[in-house]
Structure formats: structure tokens, C-alpha cells
Amino acid sequence: MTSIQDAKAPAGEVVLEAIGLTKHFPVRRRLRDLFRRQHSAVHAVDDVHLTLRRGQVVALVGESGSGKSTVARLLAQLYPRTGGDIQLHGESTRVKGGSSFRAYAARVQMIFQDPFASLNPVHTIRYHLTRALKIHHNAGDDLDAALAELLTRVSLTPPERYLDKFPHELSGGQRQRVAIARALGAQPEALLADEPVSMLDVSIRLGVLNLLRDLKERLDLAILYITHDIASARYFADQTMVMYAGRMVEGGDSETVTQTPAHPYTRLLIDSAPDPDRLTGDVDPLEEDRGNGEPPSLINPPSGCRFHPRCPAAMARCSTDLPVPLEIGDAPGHWAACWLYDKAGAR
Amino acid sequence: MAEPVLEIRNLNVDYGLGDRAVHAVRDVNLTLHRGEVLGLAGESGSGKSTLAYGMTRLLAPPGVITGGEVVYHPQQGPAYDVLGLTDRQLRAWRWAETAIVFQGAMNSLNPVHKISTQLTDVLKAHDPKMSEHSRSARAREMLKLVGISADRMDAYPHQLSGGMRQRVMIGMALILQPQVVIMDEPTTALDVVMQRQILGQLIELRERLGFSVIFITHDLSLLVEFSNRIAIMYGGRIVEEAPAATIYRDALHPYSKGLLSSFPALRGPKRELAGIPGSPPDLAGMPAGCSFHPRCPKAFEPCNSAIPVLGRPDTPDGAGRSVACWLHPAEQPVG
Ligand SMILES: Nc1ncnc2c1ncn2[C@@H]1O[C@H](COP(=O)(O)OP(=O)(O)OP(=O)(O)O)[C@@H](O)[C@H]1O
Ligand SMILES: Nc1ncnc2c1ncn2[C@@H]1O[C@H](COP(=O)(O)OP(=O)(O)O)[C@@H](O)[C@H]1O
Ligand code: SF4
Ligand code: SF4
Ligand SMILES: [Mg+2]
Ligand SMILES: [Mg+2]
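Chains C and D supply the protein sequences, listed in that same order. Per the UniProt record's numbering, residue 1 is the first one in the first sequence, and the count goes up by one each step. Per the UniProt record's numbering, residue 1 is the first one in the second sequence, and the count goes up by one each step.
Be a bit skeptical, because a hint or two may be false.
[Unchecked claim] Listed next, the stretches of chain D that the computed footprint assigns to chain C, with coverage defined by at least 3 CB atoms under 8 Å from CB atoms of chain C: (1) 125-132; (2) 222-236; (3) 254-265.
[Stated by the list, open to error] One side of the interface only, derived from the structure: several residues of chain C facing chain D at Cβ under 8 Å: (4) D47; (5) E63; (6) E169; (7) S171; (8) A231; (9) I270; (10) A273; (11) E294; (12) P296.
Everything labelled a hint here was simulated from the structure, so no lab data went into it. We treat Cβ as the ideally placed atom computed from N, Cα and C, and that holds for glycine.
I would like the entire structure built from these sequences, with the hints used as guidance.
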């Protein structure tokens with residue numbers, strides 16, 4: 001690990017950008033549908049724009065099935081995209097085959113939700129980390145020193161205590177730290193963390209999040225933090241984007257999005273989060289949701305605004321016209337895809 | 001305070017026998033009062049589920065109850081120890097007196113039966129004399145109560161979302177009108193929006209039907225909002241127990257405080273998050289004395305050798321709460 005401090009780009013510079021990113025999964029058709037003209041598909045991600053900058057964390061928040069993991073996998077080029085573009089330092093990228101994928105993975109690494117599943121149970125920590133270093137030619141002359149440095153970076157010290165352990169001999173939090181160390185072995189510029197702490201115990205989540213924050217600062221990483229816990233986005237991310245049914249519905253700096261949410265769905269999400277200050281007794285049933293808490297089908301997503309069947313503020317045009325991102329005006333860069341903020345259009 | 005409905009006294013549960021046994025639940029004393037929601041929080045492996053399985057005698061081998069009592073107070077008649085019931089009495093007691101919704105229960109519905117059939121089967125098992133017609137009317141009524149419309153009655157589990165399946169499980173638990181409902185992480189797998197809707201419904205039903213709830217989760221912020229009292233578990237023991245608001249504003253046990261400061265707050269000023277250093281204890285090698293001492297920022301002289309007992313603390317509000325910590329030696333032990 002010698003070149004890790006090498007500045008690959010100045011702070012704040014755009015590292016990775018998604019432009020109109022779209023992913024539709026074909027649905028396996030039943031025999032009787034075969035002769036129908038229309039091909040059905042799961043509209044998992046539609047027209048997503050996202051910018052990751054050096055030294056910044058962007059949180060992607062949304063309920064399960066809203067498409068968060070699909071966005072991460074697209075950005076990691078684990079799936080081919082249906083449409084749109086992924087640009088690394090302004091250059092369009094599409095990996096084909098092993099070597100171009102490895103070159104891409106050297107710059108963009110992913111961390112998965114389940115640290116149990118992402119490490120191979122028959123191999124030691126030493127094996128996992130050595131492999132990561134060697135694939136990306138980052139082992140240098142002194143492999144042992146490089147390994148020790150990786151473990152130290154993720155606060156697994158002294159390194160000798162962990163190197164020859166098997167994954168099952170470590171706790172969940174320690175395993176997730178190993179997964180992070182392995183990602184760092186590639187010396188990436190961007191880290192895509194898909195719910196990195198949601199399988200961990202409450203008492204150790206904070207430690208792993210603080211570690212990621214620390215790495216962001218020390219290594220100037222661009223981090224995508226995917227979570228369904230919007231409170232953790234407030235603490236941990238510079239910017240927060242909210243996804244609903246495959247589309248981005250709101251974005252801005254984290255404090256603004258969580259404290260003065262604009263989109264009716266973000267408001268519902270925030271009102272639903274547990275609130276210890278709202279003590280027992282006054283559990284008001286949510287009036288903000290006209291539905292049953294159910295997300296819509298992504299095979300036939302609702303027309304117009306995908307939230308309109310549940311939205312308490314829905315207007316006539318909402319069921320026909322797809323809302324465009326509109327500026328809210330309370331803080332720079334705060335936007336929502338909602339017709340409520342269409343100052344020009346007829347209400 | 002209302003009268004007790006379920007009293008757990010000195011309950012001990014082991015996994016395995018003899019030298020190899022690990023003590024998963026240790027000397028637990030806990031009282032559930034009529035009509036209340038008692039929250040049980042603690043990190044993974046602290047023994048919450050084992051306690052729930054133990055007190056309902058649903059432990060699978062190698063789990064064994066090695067001591068204690070679980071005193072149940074029926075609506076009519078004298079109290080009795082659930083641990084002393086015969087298998088037959090036990091079967092009648094479960095569901096009818098105490099129902100349980102387990103962790104991941106929504107995946108335990110039988111995939112080949114309609115949900116309506118699964119509900120009427122519970123009724124059939126407990127009251128074979130009930131007519132077909134009243135069984136299905138009762139099932140329909142119950143599903144309506146938990147927010148599932150009549151036209152979904154004949155759906156199969158795979159046709160329902162996770163949230164709807166969880167509603168069915170809650171309906172199934174309530175269908176025989178039990179006095180006590182034990183819920184182990186009933187909404188952890190669900191989204192916050194769905195979670196709030198289901199819990200709101202549960203609280204409303206509890207007011208209407210008058211049952212008591214033991215609600216188990218690792219999400220303390222959820223418990224503070226939804227329960228009346230909270231018990232905190234660590235390493236198989238209850239380490240603190242108090243009204244929900246008291247735990248939130250004025251927890252005494254350093255572990256409870258640590259848990260509370262592990263949650264980022266969505267509202268209000270951003271607090272500094274301290275969290276808890278170290279990792280959860282290993283049951284096979286539980287630290288001596290207070291089992292939290294290796295992680296405790298306040299540990300002092302007696303902590304690594306003597307076990308603090310759960311008891312009333314010497315605070316002005318000491319009568320309504322208990323804690324097991326040498327910083328607040330018990331004036332009067334619980335149990
Ligand atoms: N069948 C078993 N054999 C041996 N040990 C067991 C068994 N089941 C559970 N344990 C141990 O008992 C302890 C308590 O487990 P339990 O499932 O009650 O925890 P919990 O508090 O419910 O955790 P979670 O929050 O993960 O559900 C753990 O250390 C666990 O590893
Ligand atoms: N490989 C796949 N094939 C078909 N559908 C998929 C696949 N992966 C995800 N989906 C669907 O795409 C939608 C978004 O999923 P996902 O990105 O995993 O959401 P999230 O991470 O927000 O929970 C869901 O409806 C999901 O069922
Ligand atoms: S566009 Fe219309 S339906 Fe969609 S969130 Fe805004 S008001 Fe509601
Ligand atoms: S008894 Fe000692 S170690 Fe245990 S919680 Fe109290 S102060 Fe900490
Ligand atoms: Mg996901
Ligand atoms: Mg459990």
C-alpha cells in the first residue's frame with residue numbers, strides 16, 4: 001500500500017456519475033402470455049441521476065424494493081444497464097469481459113449488506129485480503145506490511161490477531177470491517193456501500209459508520225451509502241437522495257432533506273420513522289398515506305407520478321404527467337419531483 | 001399499577017447439558033401487567049428470543065429450562081405456574097391464553113393453504129363445536145381488524161406482500177382473544193411506513209380488546225414510542241427495567257445509555273453519538289462479575305468480580321424501576 005495517498009482527483013471533483021440510468025428486468029412469461037404483443041418487465045430503476053464526488057457521502061434512501069440495490073449494482077457494473085450512462089471522471093464506461101471489469105473495479109468497489117455471505121467461509125482473512133491486493137497489483141514488495149496496513153485502516157488491531165482467522169471466527173461487525181478492508185485493497189476512488197450496517201447489531205453499527213466516515217476523510221473517497229434508515233443518512237451523508245418505486249423523488253443536502261422534506265413520500269417516510277419523543281399513547285394512524293403502506297407494482301407502475309395512488313396531495317395532472325425535478329428554493333440544490341412545486345404550471 | 005397477568009420468576013434457560021451447557025437466560029424476573037405493552041430490548045444474542053420461547057415452553061432441544069416459575073393469572077380463577085402444566089393443558093393455554101408471533105413468522109404461513117383456511121383451522125383446533133359458518137365469520141372479522149380486506153381472504157401466502165402476511169400472523173395470534181400476546185421482532189423485516197401502520201393498529205386493538213403485549217426488538221427507539229415499560233437485556237439477564245419515558249430520558253444502566261446513544265436521531269439537534277465500544281459477550285465465556293464490565297466506561301472496583309443484582313435503585317423514582325449495576329446498588333432486590 002504505497003500509492004494510497006496519491007491524489008487521483010482534487011477534493012469535490014466528480015468521480016462517478018449516473019445519467020438517466022435505467023434498468024428493466026424482463027419478467028419470465030407464462031405460456032399463455034407468450035402470444036401477447038407486450039413484453040412485461042420490472043421497471044426497477046428509471047431515469048436515475050446521481051453524482052458522487054471525492055470526499056463526499058451521498059445517501060440513497062428508500063423502502064425495500066424501491067431499486068436502491070439495483071442502482072448500486074448498475075454503478076458497480078455487475079448488471080448491464082437498459083439505458084442511460086455511467087461516467088467515470090466524465091468518460092462513458094461500459095465494461096465488457098473480465099479485464100475491463102477488473103480495471104473498473106480497481107476504481108469503483110462495492111460493499112454488500114451481508115458480511116456473512118460476502119466472505120468465503122473456507123478461506124482466512126489473510127487469503128481474502130492478499131487476493132484483493134494481488135488482483136489489483138497493490139501488494140507492493142512487502143505483502144505482510146500491506147496486509148497489516150489494510151487491517152489497521154479498518155481498526156482491526158493488532159493485525160496478527162485477525163489475519164489467520166476464518167470469517168466464522170469473527171463477529172458481524174468485524175466481518176464487515178474485513179469486507180471494507182478488502183474493498184480498500186483495490187485502492188478505489190469510489191465505494192458503493194449497500195446497507196453496510198443493516199445486518200449488524202445496533203451497538204456496533206455506529207462503529208462501522210464512523211469508520212466509513214473516517215475513510216472518506218482520510219482517503220478522500222467518494223461514497224454511496226444505501227440505507228432504509230433515513231436518520232442514519234442525516235448523520236452520515238453530505239447529500240441525501242430519496243427513491244420511490246424505481247425513481248428519484250427528492251434530493252439535497254442531508255440536513256435539509258431530513259428536516260424540511262418537500263416530497264409527500266419523503267414526508268411519509270420521515271413521519272413513519274420511530275420517534276422516541278412521540279411517547280406512548282398518541283400513535284396517530286398516518287393520514288399521509290391513502291394506501292395500505294404498500295408500494296406499487298413495478299411491472300405496471302402507476303402512470304404520471306408513481307406515488308399518486310397513495311399521495312394525500314395528488315392533483316388531476318399527477319395521474320397523467322410524470323413530474324420533473326423542480327427546485328424547492330429553501331436551500332441550494334434542494335429539489336423534488338413533484339407537481340406541488342411547479343410554480344409556473346397551472347395547479 | 002394494574003394487576004399482573006404474567007410473572008416470570010427466576011427463570012433460567014440453558015442450551016445443552018452439563019459442562020457444555022451455555023446459560024442463555026439467567027435469573028430473569030419480569031412482570032407483565034394487564035393491558036400494558038412491555039418492551040424487551042437488547043442486542044442480538046442477548047437472550048430475548050430464548051426468554052420468549054422459554055416462558056411459553058416452546059424451546060426446542062437442546063434448550064432446557066433449568067429453573068424458575070412462570071405464573072399466569074387467568075381472567076377467572078387462581079393463578080398457576082405455566083411450567084407445571086401438562087402437555088395437554090399447555091396446548092390449550094397457548095393461543096387461547098397466550099399467543100406468540102415469532103421472529104420471521106410471516107414466512108411460516110403454510111404456502112399451500114389459503115389464509116382463510118389457516119385462520120379457521122386455529123378456531124377448529126380449539127373449539128371443534130364451533131360451526132363452519134361462525135368460524136369463517138370470525139376469521140373474516142379478524143382479518144378486517146388487522147386491515148386485510150375480505151376480498152383477500154382466499155389468497156395464498158405468496159400472493160400477499162410481507163406486510164400483509166405479517167398482518168395475517170397478528171390476526172391469527174388474536175383470533176382466540178388471548179390475554180397475552182408475545183411478539184418477537186414482529187416488524188423488523190418491514191419498512192418503516194408499513195411498520196408504523198401495523199404497530200398503530202396493534203395498539204388500537206389492544207385498547208379495544210384489552211390484551212397485554214410483550215414486544216421484543218433490538219430497535220429501542222421503536223420501543224420507547226410504542227411501549228409502556230421497557231426491560232433491557234444483556235448477556236441473558238435483565239439489566240434495567242423502567243417506564244418507557246424514564247428509560248429514554250433517564251436510563252441508569254451504562255448499557256442502556258449506550259444503546260440509546262447508538263441511534264442517530266432524525267429530529268431535533270444532532271447529538272454526538274457515543275455508541276458502545278467492544279462487541280457483545282460470548283455466552284460460552286461470559287465475563288465474571290457484571291458481564292458488561294469489559295465494555296463499560298464506568299466500571300470500577302466491584303464490577304469484575306461480583307454480579308450486581310436487579311433491584312430498586314436509591315433514586316427518588318426508585319419505586320417504579322429497577323437496575324442491576326454497582327453504581328446503583330439495590331435497596332431491595334427484585335424477585
Ligand atoms: N439451539 C441453540 N443451541 C445453542 N445455543 C443457542 C441456541 N439457540 C440460541 N442459542 C444461543 O443463545 C443466546 C440467546 O439467543 P436468542 O436467540 O435468545 O437471542 P436474541 O436476543 O433473540 O437475539 P436476536 O436479536 O438475534 O434475535 C445466543 O448466544 C445464541 O447463540
Ligand atoms: N435480478 C432481478 N430480476 C428481476 N427483478 C429484480 C432483480 N433484482 C431486483 N429486481 C426487482 O427490482 C426492484 C428493485 O429491487 P432492489 O434494487 O433490490 O430494491 P432495494 O435494494 O431498494 O430493496 C424490485 O421490484 C425487485 O424485485
Ligand atoms: S406529483 Fe402529485 S401525486 Fe406525486 S407526490 Fe407530488 S402531489 Fe403527490
Ligand atoms: S456494574 Fe459496573 S461494569 Fe456493570 S454496568 Fe454498572 S458500572 Fe458498569
Ligand atoms: Mg437492497
Ligand atoms: Mg431473537
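Okay, the hints, checked on the actual structure:
1. Restraint check on the region 125-132 of chain D versus chain C: 0 residues with Cβ-Cβ distances below 8 Å, three needed, restraint violated.
2. Coverage of the region 222-236 of chain D by chain C holds. Counting CB-CB distances below 8 Å, 6 residues qualify, and the rule asks for three or more.
3. Given as covered by chain C, the region 254-265 of chain D passes the check, having 6 residues with a CB less than 8 Å from a CB of that chain where 3 are the minimum.
4. Because the smallest distance between the Cβ of D47(C) and any Cβ of chain D comes to about 23 Å, over 8 Å, the interface hint for this residue is violated.
5. Interface hint status for E63(C): upheld, as the beta-carbon distance to the closest one in chain D is roughly 4 Å, under 8 Å.
6. For E169(C), the shortest C-beta to C-beta distance to chain D is roughly 11 Å, which exceeds 8 Å, and the interface hint is violated.
7. Residue-level restraint check for S171(C) holds (minimum Cβ-Cβ distance to chain D is 5 Å; threshold 8 Å).
8. About 4 Å separates the beta-carbon of A231(C) from the nearest beta-carbon of chain D, less than 8 Å, and the hint is met.
9. The closest approach between the C-beta of I270(C) and any C-beta of chain D is roughly 6 Å, which is under the 8 Å cut-off, so the hint is satisfied.
10. The closest approach between the C-beta of A273(C) and any C-beta of chain D is roughly 5 Å, which is under the 8 Å cut-off, so the hint is satisfied.
11. A least Cβ separation of about 6 Å between E294(C) and chain D falls short of the 8 Å threshold, and the interface hint therefore holds.
12. Nearest Cβ of chain D to the Cβ of P296(C): about 11 Å, over the 8 Å cut. The hint is violated.
Going through the hint list in order, the structure does not satisfy hints 1, 4, 6, 12.
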